[in-house]
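Chemist: Residue numbers (our numbering), protein chains in the order written: chain A, 10 to 410; chain Y, 10 to 410; chain X, 35 to 361; chain Z, 35 to 361.
Derived by calculation from the structure, the hints in this document are not laboratory data. You can trust all of the hints, since none of them are fake.
Here are a few chain Z residues that face chain A, going by a calculated C-beta distance under 10 Å:
no., residue
1, S101
2, E102
3, L105
4, P251
5, G253
6, Y266
7, Q269
8, A298
9, L300
10, D346
11, A349
12, L350
13, G353
It should be emphasised that the depicted structure is a prediction, and the values quoted were computed from it without experimental measurement. All residues carry an ideal CB built from backbone N, CA and C; glycine is no exception.
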Amino acid sequence: MPVDLRYSDADETFRKDLRAWLAEAVPAHGAPPPRNDWDARREWDSGWQRKLFDAGYAGVQWPKEYGGRGASLTEELVYYEETARAQAPYIGMNFVGIRHGGPTLIAEGTELQKQAHLPRILRGEEIWCQGFSEPQAGSDLAALKTAAVRDGDHYVLNGQKIWTSFAQKADYCEMLVRTDPDAKHRGISWLIMPMDLPGIEIRPLPTLLGETDFSEMFVEDVRVPVENLVGAENDGWRVTNVTLRFERGTAWAADIIELQRMLRDMATLAKHVTHDGASAWDDKALRREIGHLSAEVESLWAMVKLQISELAKTGVPGLGGSAIKLGFTELNQRIYELATQLLGRAGMSRSDVGELPGGLGSGRIVEKYLNTLSLTIAAGSSQIQRNIISERILGMPREPR
Amino acid sequence: MPVDLRYSDADETFRKDLRAWLAEAVPAHGAPPPRNDWDARREWDSGWQRKLFDAGYAGVQWPKEYGGRGASLTEELVYYEETARAQAPYIGMNFVGIRHGGPTLIAEGTELQKQAHLPRILRGEEIWCQGFSEPQAGSDLAALKTAAVRDGDHYVLNGQKIWTSFAQKADYCEMLVRTDPDAKHRGISWLIMPMDLPGIEIRPLPTLLGETDFSEMFVEDVRVPVENLVGAENDGWRVTNVTLRFERGTAWAADIIELQRMLRDMATLAKHVTHDGASAWDDKALRREIGHLSAEVESLWAMVKLQISELAKTGVPGLGGSAIKLGFTELNQRIYELATQLLGRAGMSRSDVGELPGGLGSGRIVEKYLNTLSLTIAAGSSQIQRNIISERILGMPREPR
Amino acid sequence: MDFRVTEDQAALQEGIRSFCEGRVPVDALGGMEKQPLDRELHGELAEMGVFGLRLEESEGGVGLGMSEAALVFAELGRRLVTGPLIWSHLAAGLVDGAGSGECVVTGLDRTRASNEPILLEYLEGAGSVLVLEASGVRRIDAAAIEARAIATPLDPLTPLHHAAALPEGESIGDAALSARLRREGAILSAAMLLGVCESTLELAVAYGQQREQFGRPIGGFQAIKHILADMYVRQEQVRSAVYAAAATADGRGVGDVDRAVATAKLLAGEFALKNARACVQVYGGMGFTWEMPPHYYLKRVFVLQNAFGSADEHALTVGEGLEGDAG
Amino acid sequence: MDFRVTEDQAALQEGIRSFCEGRVPVDALGGMEKQPLDRELHGELAEMGVFGLRLEESEGGVGLGMSEAALVFAELGRRLVTGPLIWSHLAAGLVDGAGSGECVVTGLDRTRASNEPILLEYLEGAGSVLVLEASGVRRIDAAAIEARAIATPLDPLTPLHHAAALPEGESIGDAALSARLRREGAILSAAMLLGVCESTLELAVAYGQQREQFGRPIGGFQAIKHILADMYVRQEQVRSAVYAAAATADGRGVGDVDRAVATAKLLAGEFALKNARACVQVYGGMGFTWEMPPHYYLKRVFVLQNAFGSADEHALTVGEGLEGDAG
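For reference, chain A alone in the conformation it holds in the complex:
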């Protein structure tokens, strides 16, 4: 049985149904609310998640017993392809629950924890946020200090988190805390922290886009029940990494598909932009440059498929996640930078100016470019990814500490 990139008949049936459903559901869901209208955003994001759930498309790969579809990895890939194609609503506030908190519970949670949270996450009833990074523990996550001290059947939490996404509207936080002050990696625990507990203070941290999707979070004597511990005490580092490693295979699938679309949009844009009477697309060099970028995107897409084939067959994800992350985030930045350059002076405005063909918005392109700057930093900067690849995959000696 040789290498085969084709989808199975089952995959294609799934695709056909999903495509038909999206064709109606996406326009029906309407336009997204303004960026800083938090109530409306929660409603819009949750509403879409609920529609996905009702149609059977929430948690494509999640177990059926918790409300998931229980489908294959390739069906998940088809899901990404079709939702990108239909320009379906972005996962938005459901991100942490669907992509991170939920999968962690599936892998490491108790039956009670799974029952309590997974169906609600899938139905859009529970929004999660992430409490990992701290001001002094960014790239160096093992340096985290937020303390959880056992007091009877509670942990008492004190400390400060940063880059807590959607904290204003979240119901739960996946919280990494230090339960052993004397250990490094082995003194960390993973807790489910309800966001309505007393002692939690949220301070929005505007990004360079001006949005407040992220916050600083201060916890002071917050009492989290012991049963909210996921995995064993002091085993939170492993719990996190297991999920991260599983996640990385497909984490960028949706974004890569989006990037393929962007390159086609750039061809359209290039035909529209004229200089000295000729369109930018008339310039062979631009066609080549876009071609080159497109080839790189295609190769990353093939890497994702390779990774998924590996995972589907062996159950063990390869180590290539860091390579996909590094390759994708750097490439993504180069592509959007070229797009903004192509916009010329129109790129000086975040509101759309002039008319662009095919529903392209100059403002959207510029903002997406700005957003690419975060991806080479967040979730392990490009520098950290290179260390990981070199040390863990290629076996280079670790940094002297």
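The hints should help you fit chains Y, X and Z onto chain A, whose structure is shown.
Modeler: Structure of chains Y, X and Z alone, referenced to chain A:
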């Protein structure tokens, strides 16, 4: 008195005379001998040096009392411009003596040492080689081990050097040796080692060009007279660096001018190469790419001038030498790589194939490309230069050792 | 040949620098967002000679050249000083009151045909608008332009207006003047981009020394060191190219002025963008916040890059210049 | 969808790999320089099925597809195995004795008009020369070609001849065959370049672990680590693109085959060059010596890059492919 890039009247007179002289002298000197005919190469290189000397153009900046011209730095720049323009013979085997050993003696040698060597170097009578690197001391020069042990009025040398250029034909070697085994940088001394002493063995080390310009050199109980010490014992690290720092300002001037020429040649080449009936130069993208590379070369040339202005006025060279070295060697590699790509299949041969316009040789271009690979490594690799810039210019903390 | 900044020049540079540091300190950038044109600041800059720098003393100017102007504008770029500074400088001597700061002048370069939208910087508060066209220079009363304010300009410190079309205005100069102003504008925007290179490196260096991860300053890691070193090389390339272009424009160069200017603008735009991006990266997560300064520089680069000729145009100028030289 | 190398394929790959390691070990490269074609080696490769791999078993072949061929040629590239391997493989079934190795076949891609010199690899020892043209495929008797040997080919393991012109020869196929062979040649040269990516990374990793400077292995410094990490990402991009192109050519892909092939060849050529250069840099001074292996790989890249379409051509194919998709 504002910024002024123009040359003085005196500089221009110097240029006029030099240009006239080169117009006759260069063709008269004939074609260079084959690469591995060492006797012929020494004769050719030394012969050209002698002609320069007789015409008053050897050691433009060297003091008159040792046979130099005693001229200004800007005249030296004019010298580089005009010799490059006239495609005068490359400095070749005189390199170490003229560019490194000689300047070190001028700065740090005794009167006797200067009298003994400087005029002979300028006349092409003395060829020098460099004994700095060792197999285990490449980037980490301070790790050098070749020992010099005092025995009466001699140092007795034992050890191994590598990357000794033109060692087969050199009369003297500027030798860095360890005189204090317990110190690191402060245990190194700078010696003039006559190459005809017993105990010196030369083993050619072919480069990836197949040439044997470099050798490994083994020294076994070589007795060097104590009066051949330059500077104080154990002060060789400083002696070397003083010269290096002075040198770096102009070290790349000739090469940068050569690169400017190469870009013009590339325009000519691009007009010659055709694909599908159109010349490569018809492709706007190539014109832009060459333009971009040319802009970078121009900026490096301006950096050299800035450096020289600084030095001429203050007597103290700036710290920019590392930046010029790093910028030039990396750019040089990109430019020749583009040139070889432009050659297409002709670039698969080191002998000229097909006909190129304007005396361009496909073989020469390919070989120059291969040679660019050494420049990002030798005399402090690009990685080392970045460390130097970051630590010494920008004040970043040093590597933990 | 003398390529160094002289004592007089250094004093001028230092004067502007200390003015900027006191008047528009980097930690006050937030307060300057989406503000209308700061007339008071504009007046102070005029008094310091920023606009009349190159006018003869008899015209109320300082009688200096592009070399000095480049140094001054590098300082202004370094501190992200706001206002249509380059246009007001170019207009000195051409538009009444521009040099003295009484009339604020903004402008638009339309020498190359394109279907880009008409976006005007600092239209509100400006008296006149200079328009460069291939055939000559026009002056338009700012009040005569129908334009709507852009709600979210990319650079929060550079207010923008969008106009569907521009009124005719009056012709105030020929094609030669237009070409000269464009060249000078390119040098001055390149100079401001040099300032961006300097400040982003300065910020990244300081952050590298101060921010600790894995138990030591991040500037001690080669990954960061090498980013900083590359920033330094780019900055020095830009500096050299800008000084050379200015000297050449002053008639004290050795080569073609158009080539020198294209070289400077091309490299300044590209390298300032790279350095601003690198600065964000060195800051890590904090570089992605609005609170930290790097993003202001990145955004300003887009404004300056899109002034007085695109990178593609300048690269072509330099490349095609080689052809003439060939042989 | 199944993109993994199967057990059968892995066994095939392993077989070729261990053959190559025993037969042409990396430390024996020096001895293979400027040698005429190694007929014995050619025969052994034929026996292993390298040339007849995709012929039906009834034709004396192995009946496999491009996916398997790509794996095999990656191994051959990995060990710099000499000979006109791709051409002999393409000729199997078209030229008598090519599949069995009795007739060594070399070739030339002339589908795109250009004024490049006519350079033939391994002409000496070859029986036939395949020439791909836009209009069809010709076969020429090697003996009928007047050509002079190149004294110093760039790749010392790839002997070259230069011909002023080629005789007519016989037509053996139409434009469609020519296009197919060119496509397959592009995949196989991309596969060999993947092998170069693998071996240069392997060499650089080993050297980084072994070579010490400043008291520790250079692979412990981030400067080296990050070079190696970037090499790894490029290698994996090339691998994925090559596997995808081969699967698509086998009719087991999801997109346009020309686009997939252009993607693979483009990235393989560019990234193999970058990786080979990086390998030289990691080796430092030793990388610049003839004695160490990196330069052989770098030089081979030039040969493979210049086969079956230039980078520019392939980039344009991919770019212009986007247009059709648009909207």
